[in-house]
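A.B. asks: The residues making up each chain are set out below.
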Amino acid sequence: MTIFDRIYKLSKKTSQALLKDKSLTELEDTDLFSEEAKIHIQQNLSHEEIRKNIEILNQIDKEKDWKKVSSNIKPNKKASKIQAYKIAASIILLVSLVYAISIQHSQKVLDSKVADTKIEIGINKATLTLNDGSDIFLEKGSSYKTKTVHSNGEQLIYANEHKAVSETSYNYLTVPRGGQFQIKLSDNTKVWLNSDSKLKYPVTFKEGEPRSVELVYGEAYFDVSSSKVNNKMPFKVISQMQDVEVLGTKFNIKAYADKNYVYTTLVEGVVTVTTGKTTEYLNPGMQSILNKEDKNIVTSPVDVSYYISWTKGLFSFKDKPLKDIMLVLSRWYDVEVSFENTALEKVKFNGVLNKNQTISDILNGIKNTKFINTYEIENKTITIK
Amino acid sequence: MLRGKPQHMTSEKYKTLFDDLYPSLCLFANRYLKDLDTSKDVVQDVFIKTWERKVSHPNYNAIKSFLYTSVKNKSLDYLRSKYHKNTIITPDTDFYKIQTKEHFLSEMVIVDVYANLESAMKSLPNKCEQILRFSLNEYTNNEIAEELSITINTVKTQKRIAYKKLRNALSHLNSFFTFF
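So the sequences go chain by chain: A and B. Just add 5 to wherever you are in the first sequence, counting from 1, and you've got the numbering used here. Oh and the second sequence: position 118 is 111 in the numbering used here, straight run, nothing missing.
Source of the hints: derived by calculation from the structure; they are not laboratory data. Keep in mind that a hint or two might mislead.
As the list claims (entries may be wrong) - In silico lysine to any residue, SDA-like type, Cα no more than 20 Å apart, as pairs: (1) A/145 x A/307; (2) B/94 x A/307; (3) B/94 x A/10; (4) B/157 x A/145; (5) A/57 x B/133.
Sequences are here, hints too, so could you generate the full structure?
C.D. replies: This is how it looks when you write it as structure tokens:
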């Protein structure tokens, strides 16, 4: 019996119960739905709702609409209305932020108040926390070197060792707001850490055991070295409420503590995303979105380039609300953002931003689209108006 | 039951399938799109595409499920493309929720119940059906009697017959679907 057969059986029993004015026991007892969904169904089966919906059913003129369908089900038809909608929507897409920014009108539209700004462009910086709890600050221009690890201030590289260790010692790498960092683990796996992110990992992976690291919070892009050269040991990333297991692949995980969703985007290979009892397989080009509240996972195809561009010195946005864009920028420029008019939070933009631009360049670009009137910068707070 | 492959289905049979499922699929699409005209366009498009693709289905339930799934996907696609415009949109959480499988299945149950009740009513003799429709529109027995120029007792008797017939109709609900 397929899930649909079970659905039809349930709706038949429910229809019968409704006509007999009996309680909907079949619905109450089913394991097909959560309690929340059962309440949703019951609310829609009140007398009032049934009456309203049967009325809509009766409004539909089958004969008239069949003529539209039957004239189209012979060979050589014209494009359907839905296709026309899609074309219209993609034309609208062409109006994009990238255009506005690349043009960079030199004349200023409306004066933007910029007072006492100390806002800097993000740079490579991070704090390395050793097993004994001591902190080492890494930044462009500084260097650090021990037997197992060295850094030039731009990235951290662990020695590729295969010695048997009795006790695993862990290091943490914490990237602050306004920073980013690259790390090469002892199995040659490369990890890019975005602003405001923290990774926990063993100094050396134990032989014969799965390689496991933890994205404590934030965003990271993993280029995992193949399990073929690692005694077939899978690589596992633990993050908020989910585990991702892989055999050598490239993927991005975005799991900020203050956001409700965890995004896992696969570039190459195959990964499994597990939360509780649910496991989803991702193929390249797929993204899973885990809802931290109800632990539901939704997967859908995405353009992965938008989700990994941050590792290549760019921020790319497609169809993103300004609020989400400003959140990403606030981490890179270490600023706070507030909206005077909250309706502006939902205005959607496309765009490619260079991470080396100043925050004012980007804000002027957004302003030039005329979707926002102006902005103000005071200390480290930006107000969108 | 629908036997064989749809490429062997005549357009007359396809019409029967359309008659049977088109209104409830429109109602179903409308629950996502909140616009009946767009919903009709979506469902017509699905019927056209399904015919073109000549997808093979082992039985009636399978083709029904296929149509429901296609209408759901098209409706969500439409909503997504609508969101591409730089306009103010509804909160993301709602849109997230309506994309879940559980939401899809619960909407299927709801719409299938409406369709069952409607087709059970259609199976009634004219007078019974008329009286029941008045009653669903919250007319009292008195008002129905006045409207149809019959006595209250006739209304009551007809209602009793209607409910009895409906129960029978529903216990043989599958028989509605055996005309293929």
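A.B. asks: Now tell me, hint by hint, if it's right for this structure.
C.D. replies: Hint check:
1. Taking the CA atoms of residue 145 of chain A and residue 307 of chain A, the gap is near 34 Å; set against the 20 Å cutoff, the hint is violated.
2. Straight-line distance between C-alpha atoms of residue 94 of chain B and residue 307 of chain A comes to about 19 Å, which keeps the hinted pair within the 20 Å bound.
3. For the hint pairing residue 94 of chain B with residue 10 of chain A, the CA-to-CA distance comes to about 15 Å; that is within 20 Å, so the pair holds.
4. A distance of roughly 83 Å separates the Cα atoms of residue 157 of chain B and residue 145 of chain A; the hinted pair therefore is violated under the 20 Å criterion.
5. About 18 Å separates the Cα atoms of residue 57 of chain A and residue 133 of chain B, which keeps this hinted pair within 20 Å; it holds.
Checked against the numbered hints listed earlier, the structure breaks hints 1 and 4; every other hint is satisfied.
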